[in-house]
Each structure stands twice: as structure tokens, then as C-alpha cells.
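J.: Below are the chains, spelled out letter by letter.
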Amino acid sequence: MCNDCATSDLALLEPVFSEFEGDKHALVTILQRAQEIYGYLPTDVIYRIAERQGVSPAKVMGVATFYSQFRLKPVGKNLIMLCKGTACHVNGADSIAAALKDELGIEDGGTTEDGLFSLKEVACLGCCSLSPVMMINETAYGSLTPQKARDIVRRIAAEGVAS
Amino acid sequence: MESEIVNLVIDGKAVSVPAGSTILAAAEKAGIEIPNLCFMKELKPYGACGVCVVEVEKCPKLLRACATRVSEGMVVNTQGERALRARRLALELLMGDHDGDCQGPCKLNCPAHTDCQKYVKEIAEGRFADAVSTVMETFPIPASIGRVCPHPCEKACRRRLVEAPISIAQLKYFAADRVRADGNAHKVNVAASTGKKVGIIGGGPAGLTAAFKLAQWGHDVTVYDQMPEMGGMLRYGIPAYRLPKDVLKAEVDAIAALGVTFVNNFKIGRDAEFSKLRGWFDAVIVANGAWKSSGMRVKGEDMDGVWGGIDFLRAVAVGERPDIGERVAVVGGGNTAMDACRTAVRVGAKEVYVVYRRTRAEMPAEDIEIAEAEEEGVKFKFLFAPDEILGTNGKVTGMRLQVMKLGEPDERGRRRPVPVPGKFEEIALDSVIAAIGQRNDPEGFDDLPKTEKGTIAADEGNFATSLNGVFACGDTVNKGAGIAIGAIAQANEAALAVDAFLRGGEYRPVKPIVSERDVTERDFADRPKIARAAMPQRPAAERIRDFDEVNLGLSAEAAMAEAKRCLECGCHDYQDCKLVRYANLLKTDTKRLRGAFHTGFVETELVSIERNQRKCITCNQCVRVCEGIAKKGILGLVGRGFATVVKPEFRDSVAIAGCADCHLCVDNCPTGALRLLAKKA
Amino acid sequence: MRIVVGEGSCGLAAGAGKVHSALSGLGVDVGVTGCIGMCYLEPIVDMYDGERLAARLVRVKESDAGRIRDAAKSGDLSGVEDLRISAEDEEFLTKQTRIALRHCGIIDPESIDAYRAADGYKAIAKILGVDGGAGMTPEAVIEEIKTSGLAGRGGAGFPTWFKWNAARNAKGDEKYLICNADEGDPGAFMDRAVIESDPHSLIEGMLIAAYAIGASQAFVYVRAEYPLAIVRLEKAIKDATAANLLGDNILGSGFSCRLRIKAGAGAFVCGEETALIESLEGSRGMPRLKPPFPAEKGYTDKPSNINNVETFANVAWIVLNGGSAFSAMGTEGSKGTKVFALTGKIRRGGLVEVPMGLTLRDVIFGIGGGVRDGRRFKAVQMGGPSGGCIPESLLETPIDYKALGATGAIMGSGGMVVMDDRTCMVNMARFFLDFTAKESCGKCVHCRIGTKRLHETLVRITEGKGREGDVELLEELCRGIKDGALCGLGQTAPNPVLTTIRYFRDEYDAHIREKRCPAHECAALRRYSIDAAKCKGCTACARKCPVGAISGTLKSPHSIDTAKCLKCGACAAACKFGAVEVL
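Taken in sequence, the protein lines are chains A, B and C. Quick note on numbering: this note's numbering labels position 70 of the first sequence as 55, and the sequence is numbered without any gaps. For any residue, its number in this note's numbering is found by taking its place in the second sequence, counting from 1, and adding 38. For any residue, its number in this note's numbering is found by taking its place in the third sequence, counting from 1, and adding 6.
Calculated directly from the structure, the hints in this document are not laboratory data. Hints are supplied without guarantee of correctness; some may be wrong.
[Stated by the list, open to error] Calculated pairs, DMTMM-like style, for lysine to aspartate or glutamate (alpha carbon to alpha carbon, straight line, at most 25 angstroms):
#1 K433(B) <-> E358(B)
#2 K625(B) <-> E474(C)
#3 K79(B) <-> E474(C)
#4 K296(C) <-> E665(B)
#5 K62(A) <-> E144(A)
#6 K159(B) <-> E665(B)
Go ahead and model the full structure; you've got the sequences and the hints to work with.
T.: Set out below in C-alpha cells:
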């Protein structure tokens, strides 16, 4: 069906389809599940979801590109979510962002060449008292300074994958 | 419920509509237009464009007319300052991200806004008569203007960024020649007579154009000219090797055939006083041109053997062979200087110099004219200015030239020539032709106020003078002499003004608001290069012997191929575009709120629909008809916020597989972002 | 003694999880509670002697586990004396009045029994008449809420009873109740705290609302960034269902209500109720035109009612204590209490719930302790991207929907971000417009392109490329966007710009005319130099400079090559002598 995209194991989607069978309004949830399975939303997965939900691929693409949670490309092993909430902004999130971008050599939304890190600036993580904050793979790191942020990333890189 | 009627007031007008109607529908019933860009009767109101906002009494917010239901006693104001401000801002914001390219740069840069792109396309399609008709919507003498125009259109042509501009001027006269040769002349519809009489003084490009327009509109037009034939400078200034007299004559005759009366050898002041002539007509246009050569203001210029450029050209044009001797210097760097030097060669001069105080790069003459003069043996003396005409017994023997160098740029950016102190050069000459400019002759028009330059003062918009019913245009007014198409542009405005005047109104031109695009070479990097058509010419050695036309004209094949090079910049949808219509209606500044821009692509690949992302205003109309009416849902919005675009691309074969080619999306696009192409094979 | 660790997201981020594991390995009874709201003191460990809170330990580290165990086992608290909360810090709580947060940080959020023990589910039992009482009609419930004066806590402050009543009166046999837990305002986290710390009070509030409007289907739309909240709410729903507090024929009353969680997927605009509905339906969260309002046509075009978490968290309390007890607090137009997330350059940051009518100064200085690091208070940002910056001169403004609205800011969901003299107000406006421009759904022109242009203009100004007339351009755009935008996001997006222009016009002028950022925050306008008198020549700055812009030899004053300088500030951070000056 899809000429120029990844070939994913679409069978993994079947339990998700069964769970939401007949639910016309489950598209966002199905996409969330699919992203949990594949780490991102490959094109063939999007086409399959469209087919099974009885909607056009354009509709699924529209939803997948509307919400910032969804990714159309794979992410690195460690996803750094840097909070750009107001409290973090006031407490210097921009300088943390600059340090991380410099350290990793990537921009917001990018993934390092070795596939180890992806950087994503996010709206408030809700840990404002610890600002500036970043979250790497569900672990929050607070009260950052540019140097502290660099050190954390270096440590994770040295360990390979964060625990 | 259905039959319940609601009464409301819109812009002071009482309206009664069924309950449940929207303000938009009620306004429509009352004959009041509320602009809107995303509304469609067949679909649920969407409310994205924000252009239909109106004020409703006692409501603190602006309301969207497309979605707000009427209620009893509602008082709506569609023209309130606040609503207009929000509406205009919406349009300015849209224009700031809309690469509309409403009109091609060729058309925009033509002083008369001739629809070049349209007639070039017609030529590309072999529809030569249509092409001539298109030109004649603007002026009546395409074969003549095509030959002489310095074509500002080509200077703006974006094909220049690929390799070279389209030969727009040559295409124009090709089509005109071809149609005349085929006996396929353009049919002009003349309106029923208005009984009004218009007198036009001057039968040059301006006078002829005004006569052509006014005659079409049913007025009785008489054109007076001091020379024996009509055509003005086209006949008496432009040498025949550039514009053969019969070509011009045929176009003049076609104007006469509309019922225009031509009176030649008639000079104001000599044959009739201007005030008297005014009495013969309901309105008068003065378009008597600029027929006096400017002097060089150097010692010795009153000697025998010193000619004014246009005086010399006129003498040749009426059939004289002026005795200019063997060694001739033409002073000046414009097209008249080129006409004069090349005419001097043809009259028999052996050594012809062009003396110009700057360098070739600064010469105002067309490059091709300079090159052709060089081919014909003319020698150029750059960075020289006449210092004194030398002579004995009142007869020219030579000229002392001051050596110049280029100094600081002037206000137009051209470097100013400055004398090199004490450096001079002398050349031996039999005559000097001063082609450095021309002025109008105000004699006989004492009643008309003049500018500081001595030209007739006319309104820059409608070319009315301070005398009731007297209009003036062309080289004789305001800034003075310019190019023919410039005079034609003024004549068109003056004709509209005269027509309005005769009908008891007043004409004020409105500059149309358009969305223009800024482009660079990079935008066309992927275009294959196709050489510009070469104009076949007679060899120099042959052509200097006579006044026959130098250019031999393009073949039909060459012309069509040339026309096909056109990039078709101007928007196909200009006439129907709602966005540009509202922009004009609300006097919208199209560039004020520019910023980040949707660049994107033009898709033409797979279906018979072309989509141009640069023109899309994300009104979502196409997406909604595709889903809601065509029931296909092929199109959708992708991304969020400013980055939102309509997808999929029509070049994605999988994504568009279900397209029914119903074109509802194209039909409902308020701009030119979508376009129907000829069916793909 | 029983030990309870505060494990909200904030506490966990501060290391509460590690403290918990360290303690549980030591054979003591370790319990969990949610967020007490004293975020600045996390991790917090409470020691209970029976039901009595014997000691509250703050800023606890893993390494403290041993002595905490010792203290718990022996009952002798002297070993943890240094960890105990100070009297001053205790005031942070004692000065508050907690209704929405009444159980937060006290009960175990994962235990339905703990909630029931704290009068949980008594309100719904009272309404349904299953507590032996007469029960309440839906109309009576709505009347009680009307008496309370409760207004929507999500931002707009619309009377809750009115919405319930509209939904109740809307025609349709199927109605929906929706909880908006898509807490999108950066700097606000009270909804997350409530769900993480007291999920059953949300469920009970929703049950009451569902009963009042006649809905048997309910959704909680939770922000995807709140995984812990989702986990705890899922458990709470499961437990409540098992206890027949959710589902069919609740407590045998005949009233049924099913509650489902839908996770958002990251779109601020989904806080707008019609966008939220689109999102619930699985579509792009693009707002719909209103009318029709959701009460008439909401989820799947059925009558729907949407309230936010904090609103629901007040409902059970109101039913149990009476609407007039609630309306006894507050001002003429704003009743009850409001929760604020106090953050930024504040000494004591966290969640604060106070009666309406207190002044901003009471909250920021009285409870929050004012600005930290001894700096000067400059402004407080309220209402997030839809709100505005309130200057010091307006600190006596009472917490009241109308009074706050008059400042140009809004009550909003309760984010209160404090700024000191190092915060650039132009950059603040830029920050918010960056946010709204990115979060604009892209539907309407005024918001889609207008916020983009606002942001571009602000970027230009902060980069020192501002032009005369830019402020006027901003004002014009703001006015037009407020008028023309389709939904609340766009209509309020100009507020941060308008309020900063209104109160800090001089900062805009300094950027535009003098190419100077008075707060020294805008990097493009910042210049670093070394004060030779203070420089000891330690070379620390030169070693930290990433581009080698600092020269100088050991023990002699250094200097910065401004042409090379990236303005990263590493030198200033490295200098121990305060010799690096920012100009």
C-alpha cells in the first residue's frame, strides 16, 4: 500500500483494533497506543489505522500532526523533554536549551546522529518549583544550570542508556 | 416554527427573514454584501476567515455573520469602524502570507498595463487574432508599438532569472503583422452615437489611442495634426528602417475606419485659435507632443551644420536628404541619438560619431540599438562632452570635446560625469546633430496653465487641465517627453476622463491593489534553459544602403515557441479571486504584515488539479467540500498553527488514489491556489 | 510511628521516590500521600503518631533514611530535628484555607478507604438518599451550587450552576459530563495536584454534576504529560467502580454513571471546550463556532457540560457543608477559595489555596515570602498565556474575577509566576507569544497569522532590531486579534503583550530606541565586561569561555573580546569575585 515507507509489523496493532472496535471516536487513543508500540507513527501504520477506522489517511495524518505528542519519525534512545513553561522561562530555561543544543549538536525536535538523544522542548511539565526542569525518559531533573544539564547528558551518554 | 419571521435592521435597512437565518443570509436578502472567504451555503458555517465580522447593537463582541442567527429587533452594522478594522486586519494578515502574484510583472511594469501575459499565451496557442484583440483592449497600434517600444515589460519579465526575458514586444508585432497579412483584422464594436464631439490635437500615439477609445464609446472624434500624415513621432521621429511607414499607415487607417475624422496640416494658432477650436467640441484633448529639440548650450551651436536630433529625423522622414556632409557627430546617448546616427549613415555620411559624456553602461538607449549602430559602422566616443562647436564663416568644421570622468552617483544612482580639468580633444566635422532631448511647443496654448518646465499642467490622475472640458496628455504635459507607451497610458486615462466628463461625471483612477511576489534566481533554479528567439535581420552592409526594415520578423513557429517560454506568473484566477476583490474593496495594504511565509510547491503531477501552496489561505474550503460534499475526504489539514497546510499533495499517488476528479475543491477555492488543468493523458 | 512520603510529581522529581525506597528497605511502615503543595520543601516526609502529625520533615535526602527510621522506632525526634519544618515555613500552610485541596498531601491518594474515612462519598450518598436521608433532586443540587456562588475555576469564571442548568434543560436523552483536566497553562499545576493527591474528590464532584445535569456518561480529559495523574485516576475509577460508586445503579439508587479517561495528546487549545470536544471525538482539536454551545450540542452533538478539575473538587464540600458556607468566603462577585500555583522568583513556591478577596500582596508576600535572593519584585504573571503581568503598584488588587480583569490580566486557572528585576518584560511577552503562536490551532486567520506576526515583532525587538512604531503595530495587531479571533485562545493571546506595554512601556522603548535591555536578559543586547579592580586573575572565566574570548595572564586582570563573545554568561557564572559585569 505504501511505496516508500518503513515496513512495520502491523499485526501488533490488532489487539488495539479489537479493544476499540466500533468506537468511532478512538482515533487519538489508537494513535497513542500505536506510538507506544512502535515508538513513533510509521506511515504504513497510519495507513492501516485509517483503513481499519474507516477514515481517510488525510484525516489520520491531520490528527497525527496536530498534537505535539505524536511523532512521525523515530526518536533517540533517550528523549529529553525540556520544560519551557513560564516558571522555567523565568528561571533561565533558554540558557539550558542553548547548553543542551550545543552539547548534543541538535536543534529542538532533532535526534543525535548516534541515535542516543532526542531533544524536545515542551510546554509546562508541572514541576515549576524545581524550575528549570527537564525530563529524560520519565525521570525529572530539576534546578538545572547549563553545566548541570550538560553533566547529566554526558553521564547518560557514558552509561549508554539511562535507567 | 418554519414560517416564523424575524425582523431586523441591517445598515439602516429593515429586513424580514425566516427565523434561524444567519445575518449573512439576511444581508444577502437586503442586497448588502458582507465579505466572506470560508462560507459555503451547502456546509456548516466554519468561521475561520473572520472577514464576515459585523457589529450588532448591544453586543460587546464582533459577531461572525456567517454563523450568527438573527433575532427579533437585532440592529446590525456591517460597516462599523471596529468591524472594518478587524476585517481589514484579517485581509492584511492573509495577504501577508499569500503569494498571490495577481498580475504578471510584465503587465504591472507596462505603463499602460497591457495584458502581456494574456496575449503571449494566446500566441503560444496560435490564437494570433485573439492576441491582437487583447493588445487592442489597451491601444490600437500593436504593429507599430511592438517595433518601437523599449518594452518595460521585458525588463520586468521573470524569465530573465532563468536566462532571458520573453520577446514580448516582438511577439506583439508578429501577431499584428500576421493578422493583417491574413486579412483577419480585429473587429471593433462601436457603441451607438452619444452625439458628443471630441477634438484631439495631435495624432501621435496619445492622440490616436484617445481617438480609438472615444470613438469606440460612441463619441464623434476629430484629430488635428500639424503634419501631413498621422502618427506623430512614430512617423516623423522613428526612422523607417525601424518602423516602416506602411505598417503605421495601416494602423492609422484602421482607426479612421471607426469613424474618426483626421485633419492634417492643421496647426493651432495658425489655422485656428485654440479658444475657437474649443468652441467646436464638447471636450478637447491636447496631445501635441514635444517637437522642439533641446539645445546643447555651447558656443557655436547656432552655426550652419548644427541640427536638432528630431529636426534631422523629421527632415529625412518627409523625404528630404539633408546635406550633412561626410563627417557627422551625434551628441547624446538615448534612442533618438541612435536613430540619428544610423539615419546619418543611411543618408550617406562616411564617418559618424556618437559623443556621449558617460560610458556605454550608462547609455539610456536600448542595448540592441547600440549594437546595431556599431554594426553599421558608427564610432562611439565615450566620456566626452561638447565644449564648443568650431567653424568658419558660420559653417561647422569641427567640435572641441571636454574629456570627462565618472564621479559620484546622482539621485538615480547613475554616476555623474565630471570634467577632467584642462583635458580637451578636437574632431573635424561637417555637421553636429544634437540629440539630447526634446521639449513641447506651448505656442498657441496660452490659455492653459504651464508647469515650471513649460509643459502643460494636467492632473496626474485624470489629465484634466484647469480649463473645463480640456484634457492634456502625452509628451506635452507635466514631466514632458517620455516613451510612446507612457503617452498611451496617459491617453487611456484621459479618454476615460473625457468619457466620464461627457456623461456628466468625473473620473478618478484607482490603482488596483495586488499581491506581488519577490523572486530571485533560486526560485527558478530547476527550470530548463531555453534560448530566447533570435530576430532575423538583414546584414549591416546591406541595410545601411536603404531605409527598409532591418528586422525581418519572427516566423509563426519561432513566435509560438518563444511565447511558450512564458512562466505565466500572473494568477489565472485574478478576475474571480475573492481575496483580491476584498483587498481592493477595503483598501488593504498587501505588504504591511509580511513575515514568515509559506513557500512550498506547485503540484501538477497526477490529477488534473494544480495546487499552489503559496497562494493557499488555509480557509479549508477544499478540505470541507471534499469531505462534506464529494464524500471523499482525500484532503485534510496537516500541522498546526501557522504551519498548517492542506494535504495530501496531489503528487502522492497513494493518497490521492480516490480522487473522483470532481473539481469541487477547485470550484470553491476563493483564491487561485487550486486550478483545473487540461486532462492528463 | 507511621511514615508518610509526599509523592506527587514534584516530590518525586525532587527525589521522594528514592527516599521512599530507602525507607522501605529499613523495615518501617511507609505510606504514601499526594502533594501538600509546599513544593519548595520537597521531598517531604511526615511522621504520624497515630492520627497526630508528630513531625514534618522537609528537603529529605535518601541518606536521611536511617535516622528517620531510628526516630520513628524510638519516638525520639531529636535525631531529625534539623529536618523539621521551620515555624516560618509552617505559615505557608496555616495561612491558607483549603477546600479544593482539603485532602491533598494528607490522605493516601491510592486508597478509596482513606478518602471515605475523610468524609469521602458522603455528599453523593446524601444526594442519592442512600445515607438514610431524603436525598436531593437535581434541581436542589443545582440550587445549592447556585447558593455557593461557585464559578468555573478553569479561567473564564462562568457560574457553574448556570452551565449545569443549561445542560439539564437541554433537550436530549443522552447527555455527557466532561472534566477538563487538560491543564495547559504553563506555570499552573493545581489540577494535576488534585488528581494525583485526591482523585476520588474529583470523581465524587463529577458524580454530583452528572446527577444534576442528567448525564450517565462522563469523561476526564487529562493532559498526556501527567502520567502519574492518569495512573492514580485509573486506580481510583477502578476502586470506585468496585465499590459501586461508579457504573450502573450506584449504591442501589437507580442512578448510573460511567466514567472514562481520555488522555490528551498535547495541544493547549484543547483547554477550549469546543476544541476539547473535537479532541474527545478523535479529531484535530480545532474550536467550533459558538453558538451552539456545548450545553446544547457538545460531544457527538449531544448536550454536554464541561468543568475543570478544581471546580469539581469543590463540589462535594459544598454539598456537605452547604452552599452558603462556601459563599461566606470571598468578595461580592467572587465566592469561595481559589488555588494558585505560586512559582517563579518566589521564596516559597507551591500550591496556595486562599479565600477570594485576599490581595495579591497577601499571597505573594504573606504566604510566598516575597521574592527570593533579596531581589526586587517587578511583576506577577497571572492567567498564563491568556493573562497578563501585574506590576508592583497593583499588588493591593484583591483576588476577584472583576478586579483582576481590570488590570488587564485574568484570574485564569491560577498560575502566579513572580518576576524580579532580572526578568525582561518584553522577553516575557515574546515567551508567551512564542507559546500561543505554536499552540494556535491554525483555524482562524487572526490567531493563525496574527499571533505569528506578534511573535515576529517581539523577537525583532528583543534582538535589538526593533523599529519606531513597533509598539503601535503590536497594539494594533492585539486589538484586531482580540476582536477577530474565533476562540478564547486567540481572543486572549494579546493580553501578555498589552499588559506589558501598559505597565512596562519604558522597557519596550529602551529596547527599541536605545537597543538596551534594562533587565539584561535579552542576549543580543547584553554585553559582558570584566571589572579590573575586582578581577583577581584566577583564569576561571577564561577556562570556562567556550570560544576563547577572554584573555589575560594569571594574577592579572582579564578582559573580554566582545567581538568573539557569545554572551552565554559562562564567565559570570564562573567568577567567584563578581568581577564579570553585565552591561
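J.: Could you run down the list of hints and mark each one as holding or not?
T.: Evaluated hints:
| no. | hint | result |
| --- | --- | --- |
| 1 | K433(B) <-> E358(B) | holds, 20 angstroms |
| 2 | K625(B) <-> E474(C) | holds, 24 angstroms |
| 3 | K79(B) <-> E474(C) | violated, 45 angstroms |
| 4 | K296(C) <-> E665(B) | holds, 22 angstroms |
| 5 | K62(A) <-> E144(A) | holds, 12 angstroms |
| 6 | K159(B) <-> E665(B) | violated, 35 angstroms |
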